[in-house]
Amino acid sequence: MAQALINILDHWGLHGLAQQGWLWYLVVGLVQVALILALVMTCVAVYTWMERKISGRIQDRLGPTRVGGRFGWLQPAADGLKLLCKEDLVPAAADGLLFRAAPYLTFCAAFIPYLALPFAPGWVVQPMDTAAFFILAIGGLEVFGVILAGYASGSKWSLYGAMREAAQVVSFEIPLGMCVVVPVLMAGTMNLTEIAQQQAGWLTSWNLVNPFALVTFFIYMVCATAGTNRAPFDLPEAESELVAGFMTEYSGFRWSMFFMAEYSAMFLLALLGALLFCGGWNGPIPVATMLWLTPEYGDIAAFAGNFLGMCSLITKGVLGVIFMMWLRWTLPRLRIDQVMTTCLKYCVPLASIMLVGTMVSIFVLRGGLSHPIKPVEMPAKQNQRTGRDCKLKIREGHASPLLLRRPMVCGKIFWQSRGTGFQPVEFDTGKMPVPRWRPSARKSSHTRPQSSNFQFSIFNSQFSIFSLSREGAC
Amino acid sequence: MPVERVDPDLVEFDLRSDEMLINMGPQHPSTHGVLRLVLRTDGEVVSDLTPNIGYLHRCAEKIGENLSPRQFVPYADRLDYLAGMNMDLGWSMAVEKLLGFVPSERLRHLRVLVCELDRIASHLVAAGCYGLDLGSFTPFVWCFRERERILLLFEELCGARLTYSYITPGGVTSDLPKGWLKNCEKFLAEFEPVIDELHATLTSNSIFIHRTANIGVLSPEMAVDYGCTGPVLRGSGVDWDLRRDGEPVYTRMYEGYKFEVIAQVKGKYPEDLPYPAVPREAVLGDCWHRFYVRMLEVVQSMKLIRQAMEKYSQTKEVLAEPIKLRQKLTVGTAYLETEAPKGQTGFMLISDGSPVPWRVRIRSSSFCNLSVSAELCRGCLIADVPAVIGSLDIVLGEIDR
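Protein chains in written order, with the working numbering: chain A, 2 to 475; chain B, 1413 to 1813.
Any given hint could turn out to be false.
What the hints assert, rightly or not - Residues from chain A shown here face chain B by an in silico Cβ test under 8 Å; the list is partial:
1) Asp61
2) Pro65
3) Thr66
4) Val68
5) Glu242
6) Val244
7) Trp330
8) Leu332
Hints are computed from structural coordinates only; laboratory data are not their basis.
Cβ atoms here follow ideal geometry from the backbone N, Cα and C, with glycine treated the same way.
Could you build the full structure based on these sequences and the hints that come with them?
Have a look at this one:
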């Protein structure tokens, strides 16, 4: 895709532009952001329609039927148009600047994490070694927009909504973070691509088969529901108590920004849950491998395999979102003290137990300190062009147990019983512990001009359009 | 210059620094109409609550003093617009008490039939809206779906869906249409399993129990002191129902009917159906019990309807015409309270012998039931305010009159 863009620029006589490192960087960045925004916004539009359809079915109604044929699938477009045409009100008592800024802050915080979210091996806007951390960190910023909105609205109800949001989200970030750490511990990396890769194969190699991870997944879903203000934890916008909470004074497009942010955050956390616990883009059956859609069989096969994987991941995300919708239309709302009780008395201790349990099980099941650590056979990474780069060996006794892949016994058994389609690869920690963020330590096979003095260096990862990077998964 | 008189409850001059005075209503989604509650809050805790009413005042009593009793019927069923039949019945029976009219057997059973059907409709709205107040949407729609079928039955009966003007002094506007009883039976048969669904999504739902149990506990003494009636009174364990304990003029209507008054007496509800058990957290007189009483009363009303249908079909007489539009009233005073779904609604007429009453007075059950809300909400959380107000099941048309 990068080459295609260069060709286009050449065609327009703008070859010089491609030579300008920063400009090239900007163009590629914009294209990627547009792609990801289009994907997520489409999903959000579909969700608003789905929410109405699902709630309709649950409530013995039809839901939208008029706009766009029999199933009302054009309803989101009609809704969006209506919201755009609405009067844009800023209350007299509001703090104008903050009131206007708040929806964008929330919107950005809900969409930026997608930059680090891999949809298939290598199909990620910004590959990061700390993707899980990044997503949680940026996603947590959403609360600022809500607090700002509540504070700036100049309405007491809005202020209540904001205070509830602050209390709720800040408390639920703790168990949510702990839940994310469990699969990170099991995988030994925060790199989401690698975490998902390690779950390749049959259903049995998903993190979910691990009893600790299974419990953690349920806690994760509870925390995700609470973190996105969905019922039964929708206190900040509880319409029977706080009118509309922090959104009380918002109308039209600004209101729809909050709305889209909510759905986007739901989808994000569902996708993250799928990546961490439910195999990521690996289906319950390794269809891509069975159909020879792996990189060994060429680029087209790899692309098709990745596409299948992306579909699989999005399906899981959609299922997660449907689960949240189902909850919303079934359960009454909790009270604020009960929300806090759920978080502090149940979620945090349970998540802590799971965290400690995972650590201990990794330690014990690997044999503890007294036993030398055996090399582990690993399935090939599907996105590897050559298989050369990912040959890693773990030297006996040297690597920390936490860094080992697939530490659980059940996982080990399942690898051994696994069928064809995977090449056993050795691990070599000679490569693994090298800090990747040190630019000198990485092979430069990227397409970005070396003369570039303009680097987005938050995490200094390779900047690549989907899977152009030869560095492997990340 | 006259000193402006201000209500200290409504003005922010004596607030402590961390207190906030907020207005719940009259445009709030969960105040069940145009009720305005002024909350004095400290964070989420409500330290004081003042209900403000009068936004739906329509001079119903004054109108009654300018119209003949039959002309007033359409105004009567706009009082509690969720139970128009019962309002019509209350007004008609008060007029009949003044006139000394004794309804025929067929009329009696017909009135029981439609009034109990309307009681179900009213309790369904109460249950559904209560779910909505607690953030549960689905039971609300289910309740309205079932209520819709009752409204369709009424529409077939009298052409109106809410304001029926069906029961009038001296009779009803028309007898049941052909095949109506069959439709009613069909509805009852199909409604029965829905009650279990509502129990599953509300009554025995864990979150619902945690939101309602031990919230807004109304002691029996306080309930009696405040004049609370209906399910609010019975939810506090007071075994009192005008259908059984009322004036003979009214109880004569229910003569020969078998039904139970739903109230927890000696720690037990009358048992004749497999209801969900009372949860451990629930305290007698709390929101959960008030809700539960309504749910059980729906079952009792179904029993009554079945009996009424049977008794009605056994009578063969032709219904008499109601009283004339401008019939002269007996000189005197009549006051009668009837058991409406929301409590005891009383109508009083003072007549000087002309066709138009000299004075009309309406006693509203919701008014008394609402008056206790300040006591119940003191010290609760903001989220509990809709829970308490919803459990009182008020309707503003009746409060403001």
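Right, here's what the structure says about each hint:
no. : hint   : verdict
1   : Asp61  : 6 Å, holds
2   : Pro65  : 15 Å, violated
3   : Thr66  : 16 Å, violated
4   : Val68  : 21 Å, violated
5   : Glu242 : 5 Å, holds
6   : Val244 : 6 Å, holds
7   : Trp330 : 5 Å, holds
8   : Leu332 : 6 Å, holds
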